[in-house]
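For chain L, the structure is supplied; the task is to place chain H with the ligands on it using the hints.
Line by line, the protein sequences give chains L and H.
Residue numbering for the first sequence follows the numbering used here, starting at 1 and increasing by one per position.
Residue numbering for the second sequence follows the numbering used here, starting at 1 and increasing by one per position.
What the hints contain is simulated information worked out from the structure, not anything from laboratory work.
Where is the CB? At the ideal position from N, CA and C, for every residue including glycine.
Where hints are given, some of them may not hold.
A few chain L residues facing chain H, derived, Cβ under 10 Å [to be verified]: (1) Leu-124; (2) Gly-130; (3) Trp-133; (4) Asp-148; (5) Arg-149; (6) Leu-150; (7) Asn-152; (8) Glu-167; (9) Leu-175; (10) Thr-181; (11) Ser-186; (12) Val-195.
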Amino acid sequence: MNKHHSANPAGPHGPTVAPLRAQARDGASAHGQAAATTAVTTATTAAGVQRVRPATAPDHEAVAASAGGVLLKAVGLKKDYHKGKHVVPVLRGVDLEVRQGELLAVIGQSGSGKSTLLHLLATLDRPDEGEIWFNGQRIDNASTRQRDRLRNRHLGMIFQFYHLLPELTALENVLAPLMITHGFFSYRLQRRRLVERAKALLETVGLGHRLKHRPREMSGGEMQRAAIARALITEPQILLADEPTGNLDGRTGQGIMELLRSLNTQSNLTIVMVTHDSAIASQADRVVQLVDGQVSDS
Amino acid sequence: MYKFLLCWRYLRTRWIALASIISVTLGVATMIVVNAVMAGFTQEMQDRIRGILSDVSFEARSFNGFRDPEYHMREIEKIVGDEIEVMTPTVTVPAMLSFQLHGEWNTRPVQLIGIPRDAMQYASKFRQYLQHPKHREQFRFELQETGYDLRDRHGGEDAPLRVRMETAGMVHRRNMIEYRRQWEQQLAGKPLPHAEQTVNDDSQPANDVVDPFAAVERPLDPFAARNDAAQADPAAPLTGCVLGIGLVSYRHNGAEHFLVLPGDDIQLTFPTAGTPPKAVSDTFTVVDLYESKMTEYDSSFIFVPLDKLQELRGMFDRESGTTFVTSIQIKLKDESRGSIVRDKLQAAFPPHFYSVSTWRDKQGPLLAAVEMETAILNMLLFLIIAVAGFGILAIFFMIVVEKTKDIGILKSLGAHGSGIMGIFLSYGLSLGLVGAGAGMVLGLLFVRHINEIRIWLGNLTGQMVFDPSIYYFYEIPTSVNPWTVAWIVIGALAIAVAASVMPALRAARLHPVEALRYE
Ligand SMILES: Nc1ncnc2c1ncn2[C@@H]1O[C@H](COP(=O)(O)OP(=O)(O)OP(=O)(O)O)[C@@H](O)[C@H]1O
Ligand SMILES: [Mg+2]
Numbered sequence: 001m002n003k004h005h006s007a008n009p010a011g012p013h014g015p016t017v018a019p020l021r022a023q024a025r026d027g028a029s030a031h032g033q034a035a036a037t038t039a040v041t042t043a044t045t046a047a048g049v050q051r052v053r054p055a056t057a058p059d060h061e062a063v064a065a066s067a068g069g070v071l072l073k074a075v076g077l078k079k080d081y082h083k084g085k086h087v088v089p090v091l092r093g094v095d096l097e098v099r100q101g102e103l104l105a106v107i108g109q110s111g112s113g114k115s116t117l118l119h120l121l122a123t124l125d126r127p128d129e130g131e132i133w134f135n136g137q138r139i140d141n142a143s144t145r146q147r148d149r150l151r152n153r154h155l156g157m158i159f160q161f162y163h164l165l166p167e168l169t170a171l172e173n174v175l176a177p178l179m180i181t182h183g184f185f186s187y188r189l190q191r192r193r194l195v196e197r198a199k200a201l202l203e204t205v206g207l208g209h210r211l212k213h214r215p216r217e218m219s220g221g222e223m224q225r226a227a228i229a230r231a232l233i234t235e236p237q238i239l240l241a242d243e244p245t246g247n248l249d250g251r252t253g254q255g256i257m258e259l260l261r262s263l264n265t266q267s268n269l270t271i272v273m274v275t276h277d278s279a280i281a282s283q284a285d286r287v288v289q290l291v292d293g294q295v296s297d298s
Numbered sequence: 001m002y003k004f005l006l007c008w009r010y011l012r013t014r015w016i017a018l019a020s021i022i023s024v025t026l027g028v029a030t031m032i033v034v035n036a037v038m039a040g041f042t043q044e045m046q047d048r049i050r051g052i053l054s055d056v057s058f059e060a061r062s063f064n065g066f067r068d069p070e071y072h073m074r075e076i077e078k079i080v081g082d083e084i085e086v087m088t089p090t091v092t093v094p095a096m097l098s099f100q101l102h103g104e105w106n107t108r109p110v111q112l113i114g115i116p117r118d119a120m121q122y123a124s125k126f127r128q129y130l131q132h133p134k135h136r137e138q139f140r141f142e143l144q145e146t147g148y149d150l151r152d153r154h155g156g157e158d159a160p161l162r163v164r165m166e167t168a169g170m171v172h173r174r175n176m177i178e179y180r181r182q183w184e185q186q187l188a189g190k191p192l193p194h195a196e197q198t199v200n201d202d203s204q205p206a207n208d209v210v211d212p213f214a215a216v217e218r219p220l221d222p223f224a225a226r227n228d229a230a231q232a233d234p235a236a237p238l239t240g241c242v243l244g245i246g247l248v249s250y251r252h253n254g255a256e257h258f259l260v261l262p263g264d265d266i267q268l269t270f271p272t273a274g275t276p277p278k279a280v281s282d283t284f285t286v287v288d289l290y291e292s293k294m295t296e297y298d299s300s301f302i303f304v305p306l307d308k309l310q311e312l313r314g315m316f317d318r319e320s321g322t323t324f325v326t327s328i329q330i331k332l333k334d335e336s337r338g339s340i341v342r343d344k345l346q347a348a349f350p351p352h353f354y355s356v357s358t359w360r361d362k363q364g365p366l367l368a369a370v371e372m373e374t375a376i377l378n379m380l381l382f383l384i385i386a387v388a389g390f391g392i393l394a395i396f397f398m399i400v401v402e403k404t405k406d407i408g409i410l411k412s413l414g415a416h417g418s419g420i421m422g423i424f425l426s427y428g429l430s431l432g433l434v435g436a437g438a439g440m441v442l443g444l445l446f447v448r449h450i451n452e453i454r455i456w457l458g459n460l461t462g463q464m465v466f467d468p469s470i471y472y473f474y475e476i477p478t479s480v481n482p483w484t485v486a487w488i489v490i491g492a493l494a495i496a497v498a499a500s501v502m503p504a505l506r507a508a509r510l511h512p513v514e515a516l517r518y519e
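Bound conformation, chain L alone (with noise of 0.2 Å):
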């Protein structure tokens, strides 16, 4: 695992410099930098800014987020449920800021919309009112194609209840958000650099053993362990966890836990990590509590 996110600052393709990037490397820099640049130029798009940007000048946001500034920024967040007539409101102005490698754990009660508040940090909802800003880019209006783009290249997301695919093993299953990524022929062509990849990835998080398993065959913290190889496979910059160790009994949960910590610390991974469970929310490097739909410093 090598650290040197920094080495790209600012540079012409913007901040595109994620962990986890160390296969890769070797053979396809050029790939996943245009991969990113892509979307971040999409992205732009979509939020309104002005799209082309001298290539030298540098971008403020993209120097703040390098240099261990924002990365993920909530602002005024607010979501209600419709219930027929009645109105739940659940997030009711959020603010919150994520910063470059940190482990931040949001902690709250149980339906005090922490599910909500991830899935709409990670574009899977909008809020009915508020921004989402990552990277320096408006991202809670971008079009779908753009926001799906954003969740497959740019985002990891782990569950509570792991959410692996039943049909496919913990080596597909790590492999599908590449899948999805290359088309059918592209796929096909990288395949075995890519499996390569995947079996690598699954023995950091130590279930190189289990590479042809399918999730029923699992123990719930190995799948959750695969969940993790899944979300980091495409070297996302930001790692959003939902509970990761809510169904878990205290040591395995701590096992991932130490898992968690391992990545931020070593490939400077940034996690967002939503739990109820304050014993685990204290081993986050900053801790936000989410009471009646507000984020307040804890």
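Coordinates of chain H with the ligands only, in the frame set by chain L:
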């Protein structure tokens, strides 16, 4: 990429979906079989019709016909000469056929057709339908010594033998004369040499029964009314004629019985060409039987030499030396241009005197009926496949519901709605391919072995599945048109895909968060 992987995995783990495709398989198979059999029937029938009808016939509307066929042929030549292979003048009149059966006269309505003696060019298969191998090579209305086919040429190997055909020809003729002579001797009171009686056949009365009509039939006895030349040699044949086999044979208990054989004499009565028409009759010797297996023709047509018919009907003009015919049969170089030729000729000749028609026009109702049947059957069968489509739809909806969470996961990983849709569309397509492919193989195999299956079914149930005595086919004719098969398969595929569109759309439109929260 994930589309194909997931589609494949879903296929492999959900064999139940194949159940929904079985009806597609059966539908496709049935459609292929039905179309092949119907096409086989149609083709067989068209072949037979074309065997006897010429491509285009140019006919007078009057039985008296038109004068000077050579002039007309020249005129036709001028209009559509490039298209024509050969033209044959013919005379067609309704007539009565009379022949003796068990001492009684038997009369039937027939269609009498006069064709040129060489008859080489008349309709494509005319000679092919005759019973004597030599006649199939060359036919001049001459009676053969013997050697008429014993086997039904259309019947195949298992058709019963026509034992009576063994003596048909001159041999039969002489036998009959000898038999008659002895009969007359017996009537005159002379003793009968017993051994000679075995030459008789079942179309003639048993010898020990005295025929009460014998006296009545005398004056009409064709052997009695004989011209001088024939009297010199009582066995010498008269003018030849060819009878449709259905006119003088019948089936009983699966066996064929012949009432008249080549070598027998028959009498024909028909109107003259004058006004008012008068009936004339003459005696002809049957030189061959005509068997096209088209019952309609086999039981109504009689062919005689054209010049003889013209002479008997008075269809010639002594002063100018011109003759009359009722029609000119035209054989084209390219049969498919029949309607073009017809239209050109019809435009050139006054329609109140002449009618021009193609063989298709003449058999229009029959062909149309078969076509209609095929169309309706196809429609019904296609409906079956369409119904199968609803089965696919239901099963697909279930699968989409079952896979809601997976769809949410895929979306959280960045899959587009279109990609998700692709999973289910390719799922439908694969199922359709499997179903239609299996149906195609099944249908084609069935068509290929249809006659074996028929025999096997017959043995199994103890009942004749396809009785040749009813259908006049010994084998079920089939004809597989690759385009028809292709269209059926494409149609089934389209239905399978169409049925998966709605569930696929639903899957594509699922909200990722709701799908993820789905339990
Ligand atoms: N589709 C929906 N329709 C109506 N209400 C909803 C819907 N989804 C969530 N809610 C409500 O929104 C609130 C927040 O839900 P959310 O899942 O974000 O909470 P959470 O903090 O993640 O809880 P947990 O710790 O149990 O996961 C809950 O009160 C829930 O009932
Ligand atoms: Mg939750």
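Quick rundown of the hints versus the structure:
1. With a cut of 10 Å, the hint placing Leu-124/L at the interface with chain H holds, because the nearest CB-to-CB distance is about 5 Å.
2. Look at Gly-130/L: its Cβ only gets to about 17 Å from chain H, farther than 10 Å, so that hint breaks.
3. With a least beta-carbon distance of about 19 Å to chain H, the hint placing Trp-133/L at the interface is violated under the 10 Å criterion.
4. The restraint placing Asp-148/L at the interface with chain H holds, with a minimum CB-CB distance near 5 Å, inside the 10 Å limit.
5. Taking 10 Å as the C-beta contact cut-off toward chain H, the hint placing Arg-149/L at the interface holds, the least distance being around 6 Å.
6. Given the 10 Å rule on beta carbons, the hint for Leu-150/L holds: about 7 Å separates it from the nearest Cβ of chain H.
7. For Asn-152/L, the suggested interface contact is upheld, since its CB lies about 2 Å from the closest CB of chain H, less than 10 Å.
8. Taking 10 Å as the C-beta cut-off, the interface hint given for Glu-167/L holds, the closest approach to chain H being about 4 Å.
9. Nearest Cβ of chain H to the Cβ of Leu-175/L: about 9 Å, under the 10 Å cut. The hint holds.
10. Because the closest C-beta pair between Thr-181/L and chain H is about 8 Å apart, less than 10 Å, the hint holds.
11. Given hint, Ser-186/L at the interface with chain H, holds; its Cβ is 8 Å from that chain's nearest Cβ, closer than 10 Å.
12. Taking 10 Å as the C-beta cut-off, the interface hint given for Val-195/L is violated, the closest approach to chain H being about 12 Å.
Violated hints for the displayed structure, listed by number in ascending order: 2, 3, 12.
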